[in-house]
Amino acid sequence: MSTVTPPAVRADERALETRAQGTGPSTAYWTGFFIVVALLAVSPFVLPEFWQRFMTEILIWGLFAMSSDILIGYTGMVSFGHSAFFGLGMYGAAAALLMVRPPNLWLAMLVGLVAAAVIAMFVAFFSTRLRDIYFSITTLVFSQIFYVIIFTWTEVTGGENGLTFRQPPFGIPGVFTVPFTRNGIHWFVLAVVVVSYLVLRRVTQSPFGMVLQSIRENEPRTRAIGYHVERYKIVSVMLSGLFAGLAGVLYAIQNKFAAPDFVLFLISGEAVIFNVMGGIGTLVGPVAGAAFFLLMKEVFSRVFYEYYLIPVGIIFTLMVIFVPQGLLGAWRRHLNR
Amino acid sequence: MIPFDQVLVQIVNGLVSGMILALVASGLTLIFGIMDIVNFAHGDLFMLGAYVGTTAFITTGNFWLALLVSVLTMAVLGAVLQATALRPLLGRDPLTTILATFGLSLIIQNYALWQYGPVPRKILEPVGGHFKLFYIEYPWYRLVIAFMSAAIIGGLYLFMKYGKHGIWIRATTQDRVMAEAMGIPVPWVHTVVFAIGAAMAAAAGVLFGPTVGVNHAMGFDFTLRAFVVVVVGGMGNLGGSILASIFISLLESLATIWVSPAQAVIVSFVALILTLLVRPTGLFVPTPK
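In order, the protein sequence lines correspond to chains A and B.
Each position in the first sequence, counted from 1, maps to that position plus 231 in our numbering.
Each position in the second sequence, counted from 1, maps to that position plus 455 in our numbering.
Treat the hints with caution; some may be incorrect.
As the list claims (entries may be wrong) - Restraint ranges, calculated between C-beta atoms of paired labels, are given here:
id	chain 1	residue 1	chain 2	residue 2	range
1	B	531	A	266	18 to 24 Å
2	A	553	B	585	25 to 31 Å
3	B	672	A	345	42 to 48 Å
4	A	563	B	575	33 to 39 Å
5	A	390	B	643	48 to 54 Å
6	A	553	B	672	27 to 33 Å
7	A	563	B	735	29 to 35 Å
8	B	725	A	392	24 to 30 Å
By construction, these hints were calculated from the structure, which means they are not laboratory data.
Think of the CB as a built atom: it goes at the ideal place given N, C-alpha and C, for glycine as much as any other residue.
All chains, full assembly: derive it from the sequences and hints.
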C-alpha cells in the first residue's frame, strides 16, 4: 500500500489512515487538478517560445520545491542544503551521459537518482540526529562541502566551468528513439512532475506520512508512542533528496549542462523561498511559490537587471512577517485531503 | 617532514584570522543567546560594514575615523533592521527568524552589489611596514588587527560584566520574563544587542578590509564560518565562541600547508559535524548536568 513500509503498522496508524481516506479528496480537487495539468500540457501551443521554456523551468523548480516541502512542511525540518541533492542529480546524469555511448535518457535518470540517494543517505545519517537550527546548519554545511569538492576537483567535475553534453534522445530501448523536440521535453518534464506529485501526495497520506506529520507536531510524543523517530527522519530526508535529485536530472537534461553554481547554497535558499512564498505543507503550494518567484525574477530583472533580488528579498521578508502561511496556505487543509 | 617555520607562520596567521572571526562570531552568539535568532545576515552586516568603511575612508582619508563612522552607521542600521523586521517575529518559531534574516541577507548583499559594483575595493593599511618572520616579511598591520579585535572583545566583556546595561543584557539572556518583571525594557535590550552585534561585525569588516579586497560575496563565507564557530563553541556562549574562533582558524591555517585555502574550509566543516555528533552543546563549555 504505502510506498515505504514502516517497521510496524500499529492500530492507531491504521485508524489515522482510514480517517484520511474516509474524508477522501473531493471532486472539486480532482477537477482542479486535471484542469491545471491540461492547461500545462497545451501551454506550448499557445505561448511564445520564451514562455514555453519558462513553463518547463517552473515545473522543474516546482518539483525541487515540492521535494523540500516533504522536509519543511511535513516533517518540520528546514533543510538549507537541498542544493546538494539537486546538484548531485545533475552531475550524476552528466556522468552517465558523458561516459556511456550512445547517451541514454533512462540510464542518466537512474545514475542521477542513485547519486542523489547515496548523498542523501550520507547527509541524513548525520544531520537527523540534530533538530531545528542545528539541522539547518548541518545540511547547509554538508552542501558547502559538496560544493567545494565539485568546485575544486576540476579533472572530474570540470571545476568552475562544469560539464556540457548532448541531450539524450527519448525512447524505449529496442522499440523506438526520437530526439527531443521543445514540446517533447516540456511534456516529458510535465509527466515526470505530475507522477512525482501523485507519489509524494500518496506518501504524505500514507501511515508513514502521518508519522512524519506527527513528528512535526510533537516529536517527544511521537517517540513516546513508540515510533523510531530517527529512522523516520532518515527516510524522510532520503525521500526528499531523491526527488530533489530527480529535479536536478530534469534540469540537466533540459539545459544540457551541469555547473557548480547549482550546488551553491543560494539554490537551497531558493527552495526555502519557494516553500515560504507558496505555502508549506501543501505540495502544490511550493510549485506555485516557484512560479511566483520565477515570474517576479523575470519581471524585476527587466526593471532592476541583475539586482532583482533586492525587491524579491523585500517581498520575501514582508511575506515571512505578514503572510507566514504563504499564497496557498489558506487552502492547506483542502489540498491535503 | 613538515617545515617548522612554515607551521609557525601559519599559527600566527591562524591567530590573526581567529581574532577577526571571534569579533564576528561574538556578535552572532550574543544575538542568539538573547533572542534565539540565528542571524543569517550577520556576514552581510560584516561585508556592508567594510563597504561603509571604504566610502568613509575615501571621504575622510583617515582609517580610524572610517572605522568609527562604519561602526556607528552599522549600529544604527542594525537597530533599524531589528525594530522593523525582527521585532514583529518575537515569540514565533525560531525558524521564522532564520527565514527573515535570510531575506535581509539577500537584500543587503544585492544592495552592496548594486551600490558598489562587482570590482573588489581596497582600503589602505593605516599601519605600514613589515617585520621578518622566518622566510616571509610579515606585515605589522596584521598584528594590529589581532590587538584591535582583542581590545574590542575585551571592552565588550567588561561592559557585560560591570556595566549597568551589560547586566541588563545578561539578565535578559537568563530569563526574559523575569527581566521584564524587574523593569528592564526587554524590547529595547533586544534592539541594542542587535545593534552591538552589527557594530562589531562592521568593526571586523573594516579591520579585515585592508588585507583583502572588499567584495559583495565575502559576507556569506563569514556567515558560514561564524555559524561553525558558534556551534562548536556552544550556542550563546561568548567565551566558547572566542576560543572556537581561534581553534577553527588555527585548524584552517594549518590545513593550508597541505591543501588549497578553498579546500581547507572542509576541515572546519568536518570539525563542526564531529562536534555536533560528539558534544552537541559545544566543545568549550562545561558538560551540562
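**OP:** Using the Cβ atoms, figure out if residue 553 of chain A sits within 27 to 33 Å of residue 672 of chain B.
**Re:** For residue 672 of chain B against residue 553 of chain A, whose Cβ atoms are near 30 Å apart, the range 27 to 33 Å holds.
**OP:** Evaluate the given range 33 to 39 Å for the C-beta pair formed by residue 563 of chain A and residue 575 of chain B.
**Re:** 46 Å, violated
Original post:
residue 672 of chain B and residue 345 of chain A, beta-carbon distance inside 42 to 48 Å?
Top reply: The hinted range 42 to 48 Å is violated for residue 672 of chain B and residue 345 of chain A, with Cβ atoms some 33 Å apart.
Original post:
Within 18 to 24 Å or not, the Cβ separation of residue 531 of chain B and residue 266 of chain A?
Top reply: At roughly 52 Å between Cβ atoms, residue 266 of chain A and residue 531 of chain B fall outside 18 to 24 Å, so the hint is violated.
Subject >> residue 735 of chain B and residue 563 of chain A - C-beta distance against the hinted 29 to 35 Å >> reply: Since the Cβ atoms of residue 563 of chain A and residue 735 of chain B sit about 33 Å apart, the hinted range of 29 to 35 Å holds.
Subject >> Assessment of proposed distance window 24 to 30 Å (beta carbons of residue 725 of chain B, residue 392 of chain A) >> reply: Roughly 27 Å apart at Cβ, these two residues keep to the hinted range, so it holds.
**OP:** Take the C-beta atom of residue 390 of chain A and the C-beta atom of residue 643 of chain B, compute their distance, and say whether it sits inside 48 to 54 Å.
**Re:** 50 Å, holds
Original post:
Does the Cβ distance between residue 553 of chain A and residue 585 of chain B fall inside 25 to 31 Å?
Top reply: 55 Å, violated
This entry does not satisfy hints 1, 2, 3, 4, going by the numbered hints stated previously.
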